[in-house]
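K.L.:
Each chain, letter by letter, is given below.
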Amino acid sequence: MKIPLTTPRNQDAELKALYRKWPDIRRFLFTLGCTKNDAEDVFQEALVIYLRKLEQPGFELTVDPFFYVRNTCKLLWYNQSRKQGKQQTFALETDVAQLDDDWFGKEMQLRIVESTLTQLGKQCQQLLQLFYGLGWNMTDIAQKLGMRNDKVAKAQKYRCLQKAKELVHANEAESNVERESLSYES
Amino acid sequence: MSPEITKIIEQYLQNELSEADRAAFEQKLTESDVLLNEVILHRRLHEAAKRAAQRTLVQQTAGRYHFRKQLVTASVAILVAAAVTTAVVFALKSSRSAAEDGLSDSALTTLTKQLDASAPLDNIVPEYFSLAAKDTVVLSGSGVLLSVPEGAFLLDGKNYSGAKVVQWQEAIDAADIVKSGLSTTSGDRPLETQGMFGMQAFTPEGKRLTVNPNVGVYVQVPVDELKPGMQLFEGKKDHNGLIDWQNPQPLEKLPVLADMKDLDFYPPGYESELNALKWKTGKKDRDSLYLSFDEVPEGRPQGGAVLQHQEMAVARNTVTFPRMASDSLTAKENRNDSRSYYGTTGLSTGDLVSLSLSCNLVAENKARMVITGTIVSARKLNTTGPRNEYLHLLSSDSRITIQHYGTEIRPSGTVYAITAVYDITLHTSGDIYADASGLIEYYLLGSNKYATTNWDLKMEFLHSKNESEMAGTVCGIPPSKVLAFWQPKFNNTLLATRDFEQRMRSIHGTCAQAVLEKYTNNLNKPLYEIDGEVAAMGYAGFSEFAKERVGAVKLDNPHMNNLRQFYAHAVEQLKKAAKNDRDFVRKQEQAWDDELTTARTKEATRKVEREAKALDEEYNLNLRNVCRQLGQSVGFQIHGGGTVYNIDKYVMDATIARKTTVINDPGTGKSATITYNTFYTRVADFRQYDQCFLYLFPHELNSFQRVDPKNGLFDYPLNNDIIYDIAIVGMNEAGYHLYIKKGLNKGELGTVPLEHVSNDEFNSRIEALNKGRNSERKQMKITDELEWLLQEQKDYKVQRQRKESAAFRAKIGRTIFPCREELDKASSDEATAVK
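Residue numbers (the working numbering), protein chains in the order written: chain A, 1 to 186; chain B, 1 to 835.
One thing to keep in mind: the hints can contain errors.
Below are the DSS-like pairs computed for lysine-lysine, each with C-alpha atoms no more than 25 Å apart in a straight line [said to hold, decoys possible]:
#	chain 1	residue 1	chain 2	residue 2
1	B	K7	A	K165
2	A	K16	B	K579
3	B	K579	B	K489
Simulated from the structure, these hints should not be mistaken for laboratory data.
Looking at chain B on its own, in the form it has when it is part of the complex (with noise of 0.2 Å):
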């Protein structure tokens, strides 16, 4: 098809024909099928180009995934190359290209005899350096650099590019001054030196060159000491053909540029503590380590007095919970009645929150007392710690104490005036928290004794400024903040240098981020300014920095703006990220703690309807041994007891003491007696368990039984009219130990040895156990047990991992925020002081 037809094609399919030629190029689509075709292939090349552009889109989000992912990544650092290894390497290379495309040794030899008289320096010798045209850098015998940029020479005024013949000439020490008569005086001031240096450059023809004052020829010399306020003077031989040093200069090093993969922007400690623990040593996993300290530091302002309550409130929140119906908590004597509340409230995370607590029971007399909880970070009360933090509330007299348990909730309140008829508990269960998307989630247990009234309960949010504000106070520098400019991106500029290197040693020490911010945000000051403007702040340590005078990097302005967005932005990046690595972990701990708590419920609940079945059972074998005994008679006395009037009544208090006791019947002269046997065992080695149970399979009944030990020992009695098949189960991290023994209904068995078994030899012993008893009878279900067991075992397992995790962190946190120990302290002597 000919372009024109192209065309016509695409006009008519974008509308663009005239009626005319509309009318006519439909005619002739309908003679013409290869015409169709091809308008249909055209249609087809509209939607193609579409879809491109669709695939477009998924490729650009792919490009921000990875991009995002990148981040992280980063790269390997190896302190490898200094300065001057860096400048011999050049030097080398140059004296080689010289020989290549410079000049040949003959001519050089020519020239430097005819440049030696002109020397301006008298009885040292000059170094020559013949540089080819694109040559930079050499270094002289004495180790002083050279550096020559693009147009730092002018021949005749004019821009020279061509190769160049640098003469050399230096006096360092002070034999080589003596001998070159050189005089240190400017003017009539005796002046102390660090070296003097002549320079002259020449083109291969012997023309002399002069320094562009507009680019300059950058000179590095090596001095063992810095001396302050050293500067640069000009020689002018006066008539006398004596030196005078003349138009002082301050002295400016250049910045050492070094490639980020090569550059350490680690807390100092970091990693000799990782490389101790034998960590892994990828510097993927170490930045990923490194990011997951992202949070702010738990630590109070600096200078900080604690936070005045007062001072804290910038914003409320307050969370009312319903007047509880008052049938719900019409409780019956001496059973409690409990209730829970669940909720969230708006809050971001890092605020610090105080917590207020308050219930107000509105009895009868009115009673009414206020408790107050205490600053505490959102966060920290969400350590990982098992979720045993209780804030008590006992009644004694009309005062009542607040009791803590756990870890963080310190009490600091008043409480006032109370009947003690009312025994009020409240706890949290430490579940007070600022979730991923910064809320507070809560969870309140409440329970009340004794109570016929109804309560209220009101819970207090009062929360202090959030993370941004705090951030020039708060102590210790954010991973993320480094991370960000720990990237390719920022090579080049003053970040990516061995002097920025060093101060962010230093950096790390202040633990202030308005610190490195000065730094990151003047990327095209020279080094010496930012270091003077960082000790003007009053960290005093940075004057040393300043007086190195390390000059700037040069960075174009719209190069700068973008690498601050670029920064700004991959902050946050990395912040998201930590924060959703953070929360992942926290989501897991949670679920974990929640199932072996809804697994703890269950057993305690199974436990006390097993104890009632057992009960029960027990208390009708009993009874129809009685009964068998008395041949069914029903008026008796109690041997050595009181008349007792009801044998229901006698044989359930027997079984629930399990105590021996012997009945007389006077009527038929007839006795029946219920026999205990004392039982004890002791399990050898009991503290290497975390937990040891006794469990107890009757033959004569259907329902097992758990037994606790208390000290190590087990203490029960057994029934005389039923065996027993007994099991000792102890559970450590290392898995199961079991003792079996069969067919008991007394004795003392002593110290019984456990045996360490598999979990399916385990269950499927326990299994035999509990069926083998009498298999006419329908044995109560084990397997829920055996679960529970299972589950209670791996938890050792996940506790130990979280204290050893807690601890790898607390150790690699203290490299990572160094100031947060002695905040630690300091806030743990403030509460001895306290108590």
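Isolated chain A (complex conformation) (with noise of 0.2 Å):
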């Protein structure tokens, strides 16, 4: 069984007081002419991306866990904004550009498909982060989203998934779609 990193707790504690940075990054994010409804978006992207990070095998962090957010921010906000179209008004640090190995761009994909999840009911939302998120077992989870037993809760499970998959090949079908008009007509 993997060990992870950093235990929830600890996790809960360093969470909260890399969100007391939040102005500060607010101001870093604004200089970098990230707007007001993007900046905490961002900030909340990096924030995940951090947690993640620390669960690679292998990774160790060598700069403050302050900075290593900031810089993923401003990697976040320089990929958001060169997709939106805007004009680059700053380029990346070395140490910022590293960031975006084959990891991060994993990241990135996966970032839609969990997009992708929030189009799914609470109910079934809810189910898939207490088991695949939290490790909690079956039922637990009947117990805590009111059903009667953890059969009911699995047999869930699995249409949760079922209606995953369907949403992420719909998804996919759209992109295509949109993707060969776009050849169509250059």
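Grab the two chains, each in its own frame, and use the hints to assemble them into the complex.
P.N.:
Here it is, written out as structure tokens:
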């Protein structure tokens, strides 16, 4: 079994400490031309990435967590604003650009799948998060979500997964259509 | 993909398949790319779900972070609606809705004609209110408020919830009472009345409704004067048609609920004081200013004599400094040697601290002394004043007196014998304070003059009960405890009422947290009961409130417990926020002071170095001059002075004294002269400058010199053989003021005016002066000097702002802690008495 580098409890405290730096990050993002609406999303995404990076086997943090998160914010905003076709008013330093590796690319794809999950019903989302995210067993989940027993919860899990798959396929098809129509136009 | 396959993939990934199934599945996987892709997607879904869980964690953190910020924000209070106005609005609404879905006008008229006959009070014209099913509040012609909650009426013993007609009669003034032939007796006893009322309710069909005794109809009657002991009597008609009043019940008023954002819980005078000062009007700003006063008020416990040393000593923390190495203090004659100590010791914030300093001299004669400080609160030591609180120990015969400058440390100790030879100086730099972590930081500088001995320094802290233990006795309502309930969460509780708002003003007046806690801890008790309890605590004024007999706001227990926890938590949060803000400000001030102190120390060092260099250069110049005049001779006699054997020493003395001296050489008959000319100048309007310096830039020397004025007069003899450029610098908050004169070696300039110049101009002119005097020489650098001057100049503004801020806070603080002023006065009286 893999032992997580930080226990959830530490994670809580660390997140709290990092969140207290939010005004600093916000100011930083504003200087990069990030809008009010986007800034907190970028910050939260960076925190998610930070949490996930910590879980990578063999990953060792060489800078202060705050700087790691800040650099990630910069990179995320750089990519996002480029995608939105905005004029880049800043360049990436090497240490920031280095963050953009294979792992990071996979994370970005995973982010799309994750956002697809939000189209599921509330109960499905909760169930999947509890099971795969927090590692709860089916009996506890059934109790928490007010289901009769673990069998019901398990059956529901299959249904949720099936639905999630369908959503992913539908989204892929949609973006394929878009891509095709784009190439057709050009 | 079918749901069945999804299920199998999931079982495969969760390792739930049997051995055989598993092998079969893996075989399939090698054959089908589609299936393989599906498994990959499936894995991704797992990972994405995990990611979503992590995002939830981040968002929860965000929620808590923003929540904390909102606590401080709260909302705007505007005093508008009084109870009656609210009621009128309701009444207007209800009459309109009555026309819409209640009875039609004509139906009502027919019905009321029937009902008039059955009215309980004779000769009083009844009022009728037609209430639709959902209507609840009506206001009668004379301002009596009727509130009919759900389920207030019964029809044949069963709950009735349809439309109803309420018949209402009132006889409030004497004329009405007489007209109706009402008596005011209860049995044989005469009664004093504040009004009589008759009420009956009917269905629209005219069937009589009875009042449900478990719910009741609430009636609020306007009275000019509240008479104690007023009770509600039930009127029973006897067989003669006379009414006897029976079954007395105490009256209970319902608290008037209001929205938290419309209520005002600030201490009386806080807002008006701020308005008078034209301070920011936003509730957010005013809340955060209010919160910034959240500290244990610096007062002694109530009813208190000064704390006795022994009583206070519940904990003890002793820091003993290491004995100094003897060589470090074997100081040369007439030189001071000093040592500084710096460290921390664990105390809680708000502790009262007794500081005791003791210095043991371990000399040959075993001289010994003990100095005792006095009781000071940790916080007080860290007042915003300049860091010049000194504890001086000066020897005089075998007694030592402690002298004290600055603000807080009052000497009360006894000092024991010490030999007069020792002149010991101990001063704290006023740096003893509890920092953010509740530690006391201290800085102790001891200097020992003429000493050739070892000495030990010992510092001892005694401290008393901490903040929470003192909470009951310390006077003042902490802002955090007010702001913690002043938020929407506490709407629809006892605290969100006009009645409590009124009490809060008096609570501020009591300065006792215990009183406030009575209310915040008993959210489901009737208000008059709490009033009574508070009155019993010795706050007699609250018995007036108790007389109003304002009842409770119904609150179920789980909700109340919830709120109680929430309140405790909110107080903690606010306290923490206030402390953080305070520490932040404190740290900034500290940083500025430290920076300035460093700059001043450096300047002092530079001045000494500069003077040494200037003396050296001038001495060499004088020496060359004398040698030239004497023709390098060695034997000579001083005119008017004693014989000097050493020309070097002689020239040195003249240079130090800056006095004209003539030297005769008897061997050659030659004489040499070193001439110093008098030079005086004054600055016009000297007092308008906080600091004033004269800078001399001698053409023949590399160094420059700073001359300080005495009472506005610069008096410095100039060497006749040197040409000086001078600059006089005056500084105040407005900036730099400058006067420049070039090419001098004597004279009386009289009173010279300074001209205001900008920073840049000042710098460039001074630098030009430094460089311009003689281009062949290497001039002494002046940039450090200019930087120091700039910092001194900036400090004026900082000091003024601190003074203003302290004055402002003192003024506002008086409205927030009204009892503190009395205490301060009492303690200063005490201090005078001691003297």
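K.L.:
Taking only the CA atoms, is the gap from K16 of chain A to K579 of chain B under or equal to 25 Å?
P.N.:
18 Å, holds
K.L.:
Is K579 of chain B close enough to K489 of chain B, meaning Cα to Cα at most 25 Å?
P.N.:
24 Å, holds
K.L.:
Within a Cα-Cα threshold of 25 Å, do K7 of chain B and K165 of chain A meet the stated pairing?
P.N.:
Given pair K7 of chain B, K165 of chain A holds - Cα atoms ~12 Å apart, limit 25 Å.
Comparing the model with each numbered hint stated earlier shows that all of them hold.
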